[in-house]
Structures are given as C-alpha cells and as structure tokens.
Amino acid sequence: MVATTRGRLLVATPPLDDPNFDRSVVFVLEHDDAGALGVVLNRVSDEPVPDALDRWQDRLTEPSMIFEGGPVETQALIGLGRRQTGDRSDEDHELALTPTISSVDLSADPLLIVGLISVRVFQGYSGWGSGQLDAEIAAGGWMVLDASDDDVFTTSPGDLWRTVLGRQPGRLSWIAAAPDDLSLN
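Just remember that our numbering sits 15 ahead of the position in the sequence shown, which is counted from 1.
By construction, these hints were calculated from the structure, which means they are not laboratory data. All figures in this text were calculated on a predicted structure; none of them were measured in a lab. Be aware that one or more of the hints could be misleading.
The calculated label-pair distances, taken between Cβ atoms and stated as ranges, are [said to hold, decoys possible]:
#, residue 1, residue 2, range
1, N35, D165, 22 to 30 Å
2, E77, L110, 18 to 26 Å
3, S171, L126, 24 to 32 Å
4, E77, R182, 19 to 27 Å
5, G185, I132, 16 to 24 Å
6, A150, L126, 38 to 46 Å
Backbone N, C-alpha and C define an ideal beta-carbon position, used for all residues, glycine too.
Build the full structure now, drawing on both the sequences and the hints.
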C-alpha cells in the first residue's frame with residue numbers, strides 16, 4: 016500500500032531534470048497503487064478558456080486563462096473548484112479532493128452546481144505509473160507539502176513555487192531563495 020499524496024502539493028526540488036517540472040508545484044488529484052495524477056498549478060498558458068466553456072466565465076479565478084496541467088493528454092480539460100468550508104460537494108458533478116476543493120465536471124451546467132466559489136481550468140495533466148511517483152519522492156525529486164486553497168487558486172501563479180517554500184518552517188524555507196541557475200550560487 017502506497018502512502019497517498021492526494022490533496023497535497025508536490026513541489027519540485029531545484030533543479031529537477033525534467034523541464035516539464037522545473038520549479039513546478041503540482042496538486043495531486045489521485046495517488047494509489049496504480050499510479051498518480053495531478054495538475055501543475057503554476058504554468059499559465061496564453062490561451063483563453065475555450066468558447067465552449069464560456070458559461071463558466073463568471074466563476075473563473077484570475078488569471079482566467081487555461082493552465083498547463085502537465086504533459087499527458089494535453090487536449091484533456093480538467094476543472095478544479097473551490098467551495099466554502101462546510102458546503103457539501105455535488106456528487107453528480109464533483110469529486111471532493113479536500114474539504115473545500117473538488118474536481119468539477121466541466122460539461123455540467125454551472126448554474127446547477129450550488130456552492131462553488133471559483134473554478135480553474137487545466138489542459139493536460141501530470142501522470143505517473145505504479146510506484147513511479149513514490150520512487151521520485153524517495154530520490155528527492157519532490158517535496159510533499161500541505162496545500163491551501165490559495166495555492167490551487169492563486170492569482171500569482173508565477174510566484175507560487177517560492178511562496179509555498181517560503182512559508183515552510185525552518186531551513187526548508189531557505190530553498191525559496193535559491194537562484195534559478197544553481198551554478199550562480
């Protein structure tokens with residue numbers, strides 16, 4: 016049995032060799048013996064949300080652009096929604112990931128989903144096969160940290176890697192100040 020990271024953050028350690036994940040912050044949607052799936056929170060594309068999702072426009076968190084969720088199935092769209100604490104998710108149109116964050120069925124009518132405060136749309140996702148993510152974590156490629164709603168729905172995605180690390184206790188917060196090019200250190 017694997018120790019799940021579902022509902023938590025994977026924060027890339029500098030430097031992670033894969034350019035898809037350098038300085039990335041991934042929110043984990045699923046993690047079990049079969050593998051793991053998540054979305055990168057700090058990679059904004061310059062693509063607006065497609066016209067087919069115009070009905071969600073009122074609930075999109077700024078910046079209301081498509082986020083690059085990862086290198087797998089780059090045409091797939093994944094919606095994450097935020098609710099107020101204590102509101103129950105709509106089991107027909109949402110899958111609760113934390114008490115306040117859920118995956119949202121973007122094909123549903125947003126007017127039928129009561130209680131959603133905000134939504135973010137990701138194109139593609141990050142995926143790992145059985146045991147792959149666990150091996151990467153054990154090798155030191157990822158730090159597993161607690162997520163906050165503000166991380167998932169940040170209005171400053173370019174600063175998220177440093178923000179998440181900067182709020183950690185002790186020496187871990189020092190990593191937030193690491194230069195992009197470690198040879199300059």
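Hint by hint, here is what the structure shows:
no.: 1; hint: N35 <-> D165: 22 to 30 Å; result: holds, 24 Å
no.: 2; hint: E77 <-> L110: 18 to 26 Å; result: holds, 24 Å
no.: 3; hint: S171 <-> L126: 24 to 32 Å; result: holds, 29 Å
no.: 4; hint: E77 <-> R182: 19 to 27 Å; result: holds, 21 Å
no.: 5; hint: G185 <-> I132: 16 to 24 Å; result: violated, 33 Å
no.: 6; hint: A150 <-> L126: 38 to 46 Å; result: holds, 44 Å
Of the numbered hints listed earlier, the single one contradicted by the structure is hint 5.
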